[in-house]
Amino acid sequence: MMIIMKANATPQQVENVIEQVKSAGLAVHLSQGIEATIIGAIGETHNILADRFEGLDGVDIVQRITQPYKLASRQFHPENSIFPLDGFSVGGDEIVVIAGPCSVESRSQILETAIAVKEAGACALRGGVFKPRTSPYAFQGLGEEGLEYLAEARAQTGLPIVAEIMSQVQLDLMVKYVDVMQVGARNMQNFNLLRAIGETQTAVLLKRGLSATIEELLMSAEYILAGGNKQVMLCERGIRTFETATRNTTDINAIPVLKKLTHLPVILDPSHATGHVDYVAAISRAAIAAGADGLIIEVHPDPARAVSDGKQSLKPEAFAAMVKQVGQIAQVMGRELATVSREKA
Amino acid sequence: MMIIMHPGASKAQIDGVITEIEKQKLASHPIFGVEQTIIGAVGESHDVPKEIFEALPGVLSVSRISQPYKLASRQFHEQDSVFEFNGFSVGGNDVVVIAGPCAVESRAQILEIAHAVREAGANALRGGVFKPRTSPYAFQGLGEEGLKYMAEAREQTGMPIVAEVMAVSQIEMMSAYVDVFQLGARNMQNFNLLRAVGETRIPVLLKRGLSATIEELLMAAEYILSGGNTRVMLCERGIRTFETATRNTTDVNAIPVLKALTHLPVILDPSHSTGLAAYVPPIAKAAIAAGADGVIVEVHQDPAHAISDGKQSLTPEAFATMVKQVKAVAEAVGRKFGN
Numbered sequence: 017m018m019i020i021m022k023a024n025a026t027p028q029q030v031e032n033v034i035e036q037v038k039s040a041g042l043a044v045h046l047s048q049g050i051e052a053t054i055i056g057a058i059g060e061t062h063n064i065l066a067d068r069f070e071g072l073d074g075v076d077i078v079q080r081i082t083q084p085y086k087l088a089s090r091q092f093h094p095e096n097s098i099f100p101l102d103g104f105s106v107g108g109d110e111i112v113v114i115a116g117p118c119s120v121e122s123r124s125q126i127l128e129t130a131i132a133v134k135e136a137g138a139c140a141l142r143g144g145v146f147k148p149r150t151s152p153y154a155f156q157g158l159g160e161e162g163l164e165y166l167a168e169a170r171a172q173t174g175l176p177i178v179a180e181i182m183s184q185v186q187l188d189l190m191v192k193y194v195d196v197m198q199v200g201a202r203n204m205q206n207f208n209l210l211r212a213i214g215e216t217q218t219a220v221l222l223k224r225g226l227s228a229t230i231e232e233l234l235m236s237a238e239y240i241l242a243g244g245n246k247q248v249m250l251c252e253r254g255i256r257t258f259e260t261a262t263r264n265t266t267d268i269n270a271i272p273v274l275k276k277l278t279h280l281p282v283i284l285d286p287s288h289a290t291g292h293v294d295y296v297a298a299i300s301r302a303a304i305a306a307g308a309d310g311l312i313i314e315v316h317p318d319p320a321r322a323v324s325d326g327k328q329s330l331k332p333e334a335f336a337a338m339v340k341q342v343g344q345i346a347q348v349m350g351r352e353l354a355t356v357s358r359e360k361a
Numbered sequence: 117m118m119i120i121m122h123p124g125a126s127k128a129q130i131d132g133v134i135t136e137i138e139k140q141k142l143a144s145h146p147i148f149g150v151e152q153t154i155i156g157a158v159g160e161s162h163d164v165p166k167e168i169f170e171a172l173p174g175v176l177s178v179s180r181i182s183q184p185y186k187l188a189s190r191q192f193h194e195q196d197s198v199f200e201f202n203g204f205s206v207g208g209n210d211v212v213v214i215a216g217p218c219a220v221e222s223r224a225q226i227l228e229i230a231h232a233v234r235e236a237g238a239n240a241l242r243g244g245v246f247k248p249r250t251s252p253y254a255f256q257g258l259g260e261e262g263l264k265y266m267a268e269a270r271e272q273t274g275m276p277i278v279a280e281v282m283a284v285s286q287i288e289m290m291s292a293y294v295d296v297f298q299l300g301a302r303n304m305q306n307f308n309l310l311r312a313v314g315e316t317r318i319p320v321l322l323k324r325g326l327s328a329t330i331e332e333l334l335m336a337a338e339y340i341l342s343g344g345n346t347r348v349m350l351c352e353r354g355i356r357t358f359e360t361a362t363r364n365t366t367d368v369n370a371i372p373v374l375k376a377l378t379h380l381p382v383i384l385d386p387s388h389s390t391g392l393a394a395y396v397p398p399i400a401k402a403a404i405a406a407g408a409d410g411v412i413v414e415v416h417q418d419p420a421h422a423i424s425d426g427k428q429s430l431t432p433e434a435f436a437t438m439v440k441q442v443k444a445v446a447e448a449v450g451r452k453f454g455n
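For the record, the sequence lines run as chains A and B.
Every letter in the first sequence is one number past the one before it in the working numbering, and letter 281, counting from 1, is 297.
Every letter in the second sequence is one number past the one before it in the working numbering, and letter 215, counting from 1, is 331.
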């Protein structure tokens, strides 16, 4: 950390900061310039808050040089994290395509979609049973009944299932049914939930918050990792900007940036990142070309009648065409699409 | 246009709006709801400002249904616009790569880079001679001297040259040298400059402003097109967001959105949209995978000593590797690679 003193800081104030740095267990590197004094605090600083020094007398600004996260950092873990998920792996050479409806609406809907997306090349099934809807009057999800249908779809297709957890009280139930717990964008900084999930050994798909920086996303991953759960996938799902032509703005930069900063797998959700079916295939191809490890896509057998997100849900046929295109890009990148293990299906 | 009246708007106010709609040579379609009245204004409305109605008494809001641009619209011109350059075309099946330094720094520098990028597969050469720098104390460009070096580079390599025009007063001088005028992000809404460039017949590379919406970019293109200059390429170069890990945020959505809304070619500038050389190749590949017609990339033989944008400039070797990757992606999406 670099602690930059005010131009008029007194020698006593500088001395006091030096003492504080030492008492935090850090080494001091003092550089006295003509206009300002800078105190370097050197050592294991990821768990020391900048605030600790910002409030001291005579301090102008405190700049962090090292990353405030450790377990999520590629510096700490140079190799890609690869973890198995029922016959294929995430974060390695394989590209994972997770697909399914926004919400589980009925038994027949999820079974029909599961079979269709598997046929089209998906390797995992998504479906929400607890829905974080903007309006409290909108459909809130089928709850455990939906999980039972998802489990049935898994039994029929062999596809592992991904569903969103919204609250700690749902944890036991979710762990019992799902292969991957999704933490939604609106819960990215629900720290109690992150801590609780970190205590489980169920894989996690962590979505970036609507106005969260990449660093904040990594700090959220750090919460889960710190609990001992190492199977965390990060998901870019578009950020809030001034642009109104799309539901969100796909931060495609986040893909190479995350691949550089962290060893965790990075996937993209083009359905939410664009909000419109017409743009999902193009952004899916872009994600894989930029180096993403996978995609999560909303697919519905009858988008016009979907209970939620119909505008951004692909029909199974359009999804199948998209998977082919994504496969071609994957090949160029020296990767291949993951497929679910045959014996399970 | 849909004109939504305030709940409780009087009959006289509604009639006033209908009169104004008819005065604008549009047809009116009032819908009387339980709580509110909505009046549709139907007809050729792209050149009718919605402010006319917004100011009328009793009006709550006005929303435009049809696009406020016409010449730039795909509705008006369904086929892709394709322009021919020396040996390649933009907007068709070809994917083009424009490369070169941020700024022309010297004769030796631009000639060396021109040969290097040409060899690596670039189709056109970029180089700024008038530089819109944030600080008035930073290097402002070589001006006409730089254009002479650019012209020499074109002669030696055969590549057309792209340089930024910053002011109306530079147009005449630049017309003698450049093949493509670049309009920078900071000038996207310099309407006098847009009009003046529209009067020329030199192709234009129009960059999206840092906080301009896609619709505003298309309106800026409309300015140029309405002057009769039909060769406009649009360039996404990253927008300003809250994210600080990169210089800008590449709005990759803009590529398929623009391809849907307009017939004009769309290219991406991954150098500015990321601000860091390491991220340029993956974002260039992403652009082509998303359907862009090309990329414009900053290349410098010695980025550490570049006068400007060194951090985001690729070395010629890194650029050559990137071109190979971009080419492979272009083929995977069924496109041909430049010349």
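Hints are computed from structural coordinates only; laboratory data are not their basis.
Since the model is a prediction, treat every value here as computed from it, not as a measurement.
Any given hint might turn out to be false.
Claimed, not checked - Subject to a maximum C-alpha distance of 25 Å in a straight line, what follows is the list of computed SDA-like cross-link-like pairs (lysine to any residue):
| hint | chain 1 | residue 1 | chain 2 | residue 2 |
| --- | --- | --- | --- | --- |
| 1 | B | LYS440 | A | ASP109 |
| 2 | A | LYS276 | B | ASP418 |
| 3 | B | LYS443 | A | ASP109 |
| 4 | B | LYS443 | A | HIS292 |
| 5 | B | LYS427 | A | ALA337 |
| 6 | B | LYS452 | A | LYS246 |
| 7 | A | LYS331 | A | GLY350 |
| 8 | B | LYS440 | A | GLY350 |
| 9 | A | LYS340 | B | ARG451 |
| 10 | A | LYS86 | B | LEU392 |
| 11 | A | LYS327 | A | ALA261 |
| 12 | A | LYS327 | B | ARG451 |
| 13 | B | LYS443 | A | VAL348 |
| 14 | A | LYS276 | B | VAL164 |
| 15 | B | LYS186 | A | ALA336 |
| 16 | B | LYS264 | B | GLU315 |
| 17 | B | LYS264 | B | PRO276 |
| 18 | B | LYS141 | B | ILE130 |
| 19 | A | LYS276 | B | ALA376 |
| 20 | B | LYS166 | B | GLU138 |
| 21 | A | LYS327 | A | LYS246 |
| 22 | A | LYS246 | A | GLN205 |
| 23 | B | LYS452 | A | GLN344 |
| 24 | A | LYS331 | A | HIS279 |
| 25 | A | LYS86 | B | ALA361 |
| 26 | A | LYS246 | A | ALA23 |
| 27 | A | LYS276 | B | LYS440 |
| 28 | A | LYS276 | B | ASP425 |
As the list claims (entries may be wrong) - A few chain B residues that face chain A, going by a derived Cβ cut-off under 7 Å, partial list only:
| hint | residue |
| --- | --- |
| 29 | SER327 |
| 30 | GLU359 |
| 31 | THR366 |
Note that CB positions come from ideal geometry on N, CA and C, so glycine has one too.
> Between LYS86(A) and LEU392(B), does the CA-CA distance stay at or below 25 Å?
Replying inline: With a Cα-Cα distance of about 23 Å, the restraint between LYS86(A) and LEU392(B) holds, given a limit of 25 Å.
>> Holds or violated: LYS186(B) and ALA336(A), Cα atoms, limit 25 Å.
In response: Outside the cut-off at roughly 35 Å; violated.
> LYS86(A) and ALA361(B): Cα distance at most 25 Å?
Replying inline: Measuring from Cα to Cα gives roughly 17 Å; hence the hint holds.
>> Check the hint pairing LYS327(A) with ALA261(A) against an upper bound of 25 Å on the C-alpha distance.
In response: Satisfied, since the Cα-Cα distance of roughly 14 Å is no more than 25 Å.
> Is LYS340(A) close enough to ARG451(B), meaning Cα to Cα at most 25 Å?
Replying inline: Satisfied, since the Cα-Cα distance of roughly 16 Å is no more than 25 Å.
>> Check whether the Cα positions of LYS166(B) and GLU138(B) lie no farther apart than 25 Å.
In response: holds (14 Å)
> Regarding the pair LYS452(B) and GLN344(A), is the alpha-carbon distance no greater than 25 Å?
Replying inline: Holds, at about 15 Å.
>> Does ASP109(A) sit within 25 Å of LYS443(B), going by the straight-line distance between their CA atoms?
In response: At roughly 21 Å apart (the allowed maximum being 25 Å), ASP109(A) and LYS443(B) satisfy the hint.
> Is LYS141(B) close enough to ILE130(B), meaning Cα to Cα at most 25 Å?
Replying inline: holds (17 Å)
> Holds or violated: are the alpha carbons of LYS276(A) and ALA376(B) at most 25 Å from each other?
Replying inline: violated (33 Å)
> Are the Cα positions of LYS264(B) and PRO276(B) separated by 25 Å at most?
Replying inline: holds (13 Å)
> Measuring from the C-beta of GLU359(B) to each C-beta in chain A, is the shortest one below 7 Å?
Replying inline: OK, holds: GLU359(B) within 7 Å of chain A, min 6 Å.
Going down the numbered hints, you'll see the structure goes against 4, 5, 6, 7, 12, 14, 15, 19, 21, 24 and 26, while the others check out.
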